[in-house]
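There are 2 protein chains.
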Amino acid sequence: MREIHPGDLDDLARGAGILGTGGGGDPYTGKLLAQRAIREHGPVTVVGIDEVPADATVVAISGMGAPTVSVEKLPACTEEVTALRALERHLGRAATHLVPIEVGGLNSMAPFVAAARTGLPVVDGDGMGRAFPEAQMILPGLIGVTVAPMAVADDKGNTLVIDGVSDLWSERLARTACVEMGCSVSCADTVMRGDQLAAGLVPATLTLAEDLGRTVREARAAHADPVASAARLLGGVRLLTGKVVDVRRRTSGGFARGRAVLEGTGGDRGRALELSFQNEHLLARRDGAVIATTPDLICVLDTDTGEPVTTEGLRYGLRVTVLGAPCDPRWLTPGGLELAGPRYFGYDCDHVPLPTA
Amino acid sequence: MREIHPGDLDDLARGAGILGTGGGGDPYTGKLLAQRAIREHGPVTVVGIDEVPADATVVAISGMGAPTVSVEKLPACTEEVTALRALERHLGRAATHLVPIEVGGLNSMAPFVAAARTGLPVVDGDGMGRAFPEAQMILPGLIGVTVAPMAVADDKGNTLVIDGVSDLWSERLARTACVEMGCSVSCADTVMRGDQLAAGLVPATLTLAEDLGRTVREARAAHADPVASAARLLGGVRLLTGKVVDVRRRTSGGFARGRAVLEGTGGDRGRALELSFQNEHLLARRDGAVIATTPDLICVLDTDTGEPVTTEGLRYGLRVTVLGAPCDPRWLTPGGLELAGPRYFGYDCDHVPLPTA
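Read top to bottom, the protein sequences are chains A and B. Position one of the first sequence corresponds to residue 1 (UniProt numbering), numbered consecutively onward. Position one of the second sequence corresponds to residue 1 (UniProt numbering), numbered consecutively onward.
In short, the hints are calculated from the structure, not lab data. Do not take every clue at face value.
Quick look at which bits of chain B chain A covers, simulated, 3 or more residues with Cβ under 8 Å [to be verified]:
no. : stretch
1   : 83 to 93
2   : 154 to 160
3   : 165 to 176
Going by beta-carbon spacing under 8 Å, a handful of chain A positions derived as facing chain B [said to hold, decoys possible]:
no. : residue
4   : GLY157
5   : ASN158
6   : THR159
7   : LEU160
8   : VAL161
9   : THR176
10  : GLU180
Note that this is a predicted model, so its numbers are computed, not measured. The beta-carbon is built from N, C-alpha and C at its ideal position, and this holds for glycine as well.
Just chain A, with the same shape it has in the complex (with noise of 0.2 Å):
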């Protein structure tokens, strides 16, 4: 157990940037949604999974959204509260905790805003161990937990509580309502019990978010190279480091999708690389092969800083560098990769292991 105050989310923001591989929100944003509602409202407490009592009511706090949009339509903070109150409402009993329900620049902000507001501790965990665009994408829902009910709000006060009969149908109806209200709003769902944490979480995501950025920090101030320093902690793989040459994207059905283009430039001088991306990034082609796909980690860093570079944030002729970093093991199952795989999102390939260093 341990007390955030705002000055500690600058590590943990930039950390999150880099595991929400691409998408999540804006750290930058993130963070500072975040310090302001600490400031106003006191510090949060992070508890571990194992400091959770069994009996505990544990909601998971996040937006939803294409993050094209959230960079410009900032959220007004109350969504976060409006939509807990709606979901305790429907459950008819009160949150004791709230938990991310994936690392992202944002999204792993979004229940800090909430805690500060309501004094609720947030559990130092997440649902994915990374982001994913789909409310359906989570390891809980591998042990049978729901996404719904699940509670919807905007920045105007309005608010639905959805029961989907699948967390498919939970996903369909939150994103026409999500469009309809902006195309940025914030839920709150996947409701667990204390003793389905430890099986149903990644555990601890929210402390290696801040030792990510912590070592991208360092070793920016040492002058030593960040990017290395990001890989080695997240025992991941250089794809290619270069500038960025052609950005397809645009905003559809609720997420930023498209396309990114890297020339390789130094030792990768000559190679190509192709990222895909539905908030996220989920393929990446080099000359041509597939060399990396969800559900592994495939993380964009600027290659100076080792600041995250979001799906939104690309741009032509950012210099970075491509990381893949393997997922949580529970995604190479087969119902994980039903969930995530490359097939769900349309890709005609299998998951393929990333390549060796």
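Add chain B to chain A, keeping to what the hints say.
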């Protein structure tokens, strides 16, 4: 207070189909669904507004969607009760009475389906005195009753509880969910106390519908003019007798929208009438001039039989008579016209009084 048995629904459905001004769903389908529910679960009690206790919890039950869809995708008849239960859970109390939100072929019958299955009585009245396409177009809205909280359920078992910041937002969010759910869903909403019914509802419209249906049937049996009998009962005026020569219809945004052109026959030879509709008939132009507009009732009846013709039932060659009939006077107040006057629907004209016979 009286009991409604399956045989009572023939006249009621016919009359409600006429009052539904082309919308509110197919009367034949509606009747069959309600008759089956009553056969399976027992008769339904109908009570007058003055028989409802002041502290009663009255819930409106209706179908939402495009009638072009609901004629093919029949309700499972579980949706009404699923929606009602979701709303009751949200309210934290049980409904004591059900009421139609509008009269119309399917929507006058939906409360009977729910009433048969739950044993609750149905209030003799409705929220419009006709049918309208959008959820916020209700007279209770003029006395401060809100559509929200609004529960929506589909045939698959998906439910949503919507709490919009305005009736327009509730409509918008329900409509997008409705489209995603297959364009034909059931709703439980517009919660009223018993003491709000007198000011909020149009009284005795179920009785009026039944009288209207009986009048038409009896005139037909007596080889009299069933359309003239209906017009007399409604205080309505004949706008044109003719045949349908053109129908343009599309299902878009969750509605059946379009236009129909009628060519006069008999005494109306040489005249033409154009009807514009969005689920319901909203505007009639005779020989190019607007002669009837929403919120007045524009009813299309089969000239020979007096049976109501819904907007989705309009087809080339059909011999019909179009009646105009006065709406409830509250619709002609500024608030009523703002909700459902011709300008709301995008027509560049004000409400015009119906021609005198």
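Handout entry: Hint numbers not upheld by this structure, sorted from lowest to highest
Key = Going through the list in order, the structure violates no hint and respects every one.
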